[in-house]
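**Q** As a plain string of letters, each chain reads:
Number of protein chains: 2
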Amino acid sequence: MSVLEETDLRVSLMKVTRRLRAEKSDTELTDSQMSVLAVLDRSGPLTPRALADFERVQPPSMTRTLASLDARGLVDREPDPADGRQIIVRITPSGAAAVTATRRQRDAWLARRLADLDPEERAVLARASQILRRIADS
Amino acid sequence: MSVLEETDLRVSLMKVTRRLRAEKSDTELTDSQMSVLAVLDRSGPLTPRALADFERVQPPSMTRTLASLDARGLVDREPDPADGRQIIVRITPSGAAAVTATRRQRDAWLARRLADLDPEERAVLARASQILRRIADS
DNA sequence: GGGGAATAGTTAGCACGGCTAAGCAGTTCG
DNA sequence: CGAACTGCTTAGCCGTGCTAACTATTCCCC
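Residue numbers (full-length UniProt numbering), protein chains in the order written: chain A, 1 to 138; chain B, 1 to 138.
Don't take every hint at face value.
For identical chains, the list gives no copy identity; a pair is met inside one copy or between any two copies.
Claimed, not checked - Only pairs whose alpha carbons sit at most 20 Å apart, straight line, appear in this in silico SDA-like list of lysine to any residue:
| # | residue 1 | residue 2 |
| --- | --- | --- |
| 1 | K15 | D116 |
| 2 | K15 | A136 |
| 3 | K15 | S32 |
| 4 | K15 | L117 |
| 5 | K15 | A126 |
| 6 | K15 | L46 |
| 7 | K15 | S43 |
| 8 | K15 | V39 |
| 9 | K15 | T100 |
Calculated directly from the structure, the hints in this document are not laboratory data.
Here the structure is a predicted model, which means the values were calculated and not measured.
Start from the sequences and build out the full structure, keeping to the hints where you can.
**A** Following this line, the structure appears as structure tokens:
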């Protein structure tokens with residue numbers, strides 16, 4: 001078995017991610033917008049601070065992303081009745097629909113590439129996906 | 001065996017790449033600047049057009065990135081003696097040093113994570129690296 | 001050889017999303 | 001009560017993606 005070189009893996013990761021990132025269309029949400037919506041869709045209502053921490057972003061950056069999502073009606077922002085400093089961000093039905101639509105569009109490029117692989121290679125990527133997730137969260 | 005979902009793989013890739021990107025050296029090179037320098041370091045002098053195509057970016061974006069690298073003395077831009085329309089971009093010794101420094105730092109972060117894996121997991125990532133490279137180049 | 005088409009690079013201007021600094025409102029606690 | 005802390009926002013800088021439009025040069029075909 002080949003030796004795993006950090007540089008090789010890193011370059012592969014960045015290259016394929018750059019390709020993925022390039023696969024956008026006009027109607028599509030940006031990376032950060034999509035990512036925030038996906039978190040809200042999966043985890044339920046959160047505060048801006050919690051979202052910023054999760055995305056490893058500073059609070060002002062999250063404010064801007066949320067303002068943009070709010071303006072498009074994809075999220076709601078309501079004051080927290082229990083703590084006047086906090087805001088509760090909630091995904092709207094329209095936002096949830098956008099998550100689904102955008103995800104589908106985004107996955108299309110990758111799905112086409114995966115379709116060209118043989119089952120064993122797909123299995124490798126499935127396992128790698130889990131391992132990389134663990135690394136990213138560490 | 002788990003099913004490979006495009007979304008899972010895509011999110012894993014983007015998450016870990018985001019973490020990697022955060023590991024920049026003190027020289028404060030951005031991802032795109034670093035990427036261009038790395039290409040020049042590996043492939044030798046290139047034209048802006050060639051760099052733009054390689055990075056899958058429009059020429060004006062590359063112009064700006066190159067201007068910034070030029071201003072920092074990390075690349076040189078000289079007219080092509082053979083074709084008056086073209087420019088030849090060349091990495092400087094200082095630019096090559098920046099590549100090495102950043103690469104070392106990013107590899108270090110990843111190397112620490114890989115060290116926590118067992119050999120079988122590392123083998124999976126080694127194979128995935130090759131598969132992803134092929135996908136990125138497709 | 002001359003003239004239009006194509007190519008290379010740039011400039012201008014917009015959008016977006018990182019960041020820090022600073023400010024305001026609300027909460028906590030000595 | 002008042003000072004310190006927390007949560008969010010605003011203001012403003014920067015990098016980098018884009019398109020449109022411009023200049024300069026080269027190519028190619030009549």
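**Q** All hints, please: hold or fail.
**A** Here is how each hint holds up against the structure:
Within a single copy, K15 and D116 get their C-alpha atoms as close as 18 Å, which meets the 20 Å cut-off; across copies the closest is 24 Å, which misses it. Within a single copy, K15 and A136 get their C-alpha atoms as close as 17 Å, and across copies as close as 6 Å, so both meet the 20 Å cut-off. Taking identical chains as interchangeable, the C-alpha atoms of K15 and S32 lie at most 20 Å apart whether they share a chain (17 Å) or sit on different chains (11 Å). Proximity of K15 to L117 under the C-alpha cut-off of 20 Å is restricted to the intra-copy arrangement: shortest distance 18 Å within a copy versus 23 Å between copies.
Taking the shortest Cα distances, K15 and A126 sit within 20 Å of each other both inside one copy (18 Å) and across copies (15 Å). With identical chains, the CA atoms of K15 and L46 are at most 20 Å apart between copies only, with a shortest distance of 19 Å across copies and 31 Å within one. In the homo-oligomer, the alpha carbons of K15 and S43 lie at most 20 Å apart only across protomers (16 Å), although the nearest pairing inside one protomer, at 28 Å, exceeds that limit. For the homomeric pair K15 and V39, the shortest alpha-carbon distance between copies (12 Å) is at most 20 Å, but the shortest distance inside one copy (23 Å) is not.
In this assembly of identical chains, the alpha carbons of K15 and T100 lie at most 20 Å apart only when taken from different copies (18 Å versus 24 Å within one copy).
The earlier numbered hints are all upheld by this structure, with none contradicted.
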